[in-house]
Amino acid sequence: MGRSPLDKELVLQLKSGSAAAFRTLVETHQERVINTCYRFLLSREDAEDVAQEVFLEVYKSIRDFREEAKLSTWIYRIAVTRSLDLIRKRKRKKRMSFLKSSLGLEEVAERIPASHGGNPDSKLENRERQQVLQTALNSLADNQRTAFVLSKYEEYSYQEIADIMGTSLSAVESLIHRAKKSLQKKLANYYEKNQSGNKAV
Amino acid sequence: MSKRDHINDEVQKTLAAMDNMEPLAADPYFYTRLNAKIQEMERTEQPLESRRGLLGYILPAMLVMLVAVNLFSVYWVFQGSNEGGGDRESALSAFAEEYSLNQSSDSFIWEE
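Just so you know, the sequences run in chain order A and B. Residue numbers for the first sequence follow my numbering, beginning at 1 and rising by one. Residue numbers for the second sequence follow my numbering, beginning at 1 and rising by one.
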C-alpha cells in the first residue's frame, strides 16, 4: 500500500503530539468522515457525533498506528466500524423496546419509517426511498452493507473500499453484486406487498 | 405500465436513492467541539493515568520484594539444614529456652 512521504511526516508529527498536525488531519478528513457516517446513519447529527468519536479515537490511538495501511484508510475504517456499532446498538435498543412493549411494559417509542406515499416533493420522496433502502440494508450482512454503502459514495474507488474493508478487489465486487441482488429481492417484495405505498417495510 | 414493470421501476429508483445524496459540509465548529472534548478527556483521564503510573511502579516493586524475601527464607532454611545437626540443635534449644518451651504448660502458667 503506497504511502506518501507527506503521510509519513504527518504520522510522525501526530505521534509526537503535534496539535497543529492533528488540526490539519481533522480539517483534511472531516468532510469525508462525516459523509461516510451519514451514508450509514442517514442523520446529520448522528453522523457528526460519530465523526467526533472517530477523531477522538484517532487522537487516542495514533501512537498504536502501525502504518500497515494508509492513514486515511485507517481513519475511514474507524468511521465505518463506529457507524456500524451505532446501528447495532440501535437495533438492540429497538429489539428491547419491542420486547418490553410485547410484555406490556412500555409502548414502542420508535417505529420503522413508513412511506407517506405520493408526496409531490421529490426531496421528501427521495428521503423516503433512502429510509426504505436503509431498512432493507439493515437486514444485510455487515460486509455486504458496508461494500454497498461505500460504493454509493463517489469519493471511494473500489480499491479504497477493499483497503478499508481489509479484503480484495474481487471480494468487494462480489459483495456489492450480492448486496444488490439481495436488496432487489427485498425491495421487490416490499413494493409488491405495499402497492399503495402506505405500509412500513 | 404493468404491475411488474412498476415494481421494478420502484426498486431501481430506491436502489439509486443513495446515488444523489448531497454531500454534507462540516460544521464550522467541528474542530472546536472536538478540541473541547479532547481537553475534557485529558482532564478526566490525567489523575487516573498518574494513579495507574504510580501503581505501575509500586506493584512490581512489591512483587520483587516478596519474591526476594521468599527466596531468602528458602535459602536460609536449606542453609540451616545443611550445616549439620549441632548448630541447628543448639539454635533450637536456645529458641526453646528463650520462649520457655521446655517447661510444662502448668509451670509456664503459674510460674509468674
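Please note that a few of the clues may not be correct.
Among the chain B residues that face chain A by a calculated CB cut under 10 Å, a handful are [unchecked claim]: (1) 13; (2) 26; (3) 79; (4) 100.
I should point out that these hints are in silico values taken from the structure, not numbers from a laboratory. By construction, the Cβ of each residue, glycine as well, lies at the ideal position given by its N, Cα and C atoms.
Each hint tested on the structure:
1. 13: Cβ of residue 13 of chain B sits 6 Å from chain A, so the hint holds.
2. 26: With Cβ-Cβ at 5 Å, under 10 Å, it holds.
3. 79: violated, 49 Å
4. 100: violated, 65 Å
The structure fails to meet hints 3, 4 from the earlier list, while all remaining hints are met.
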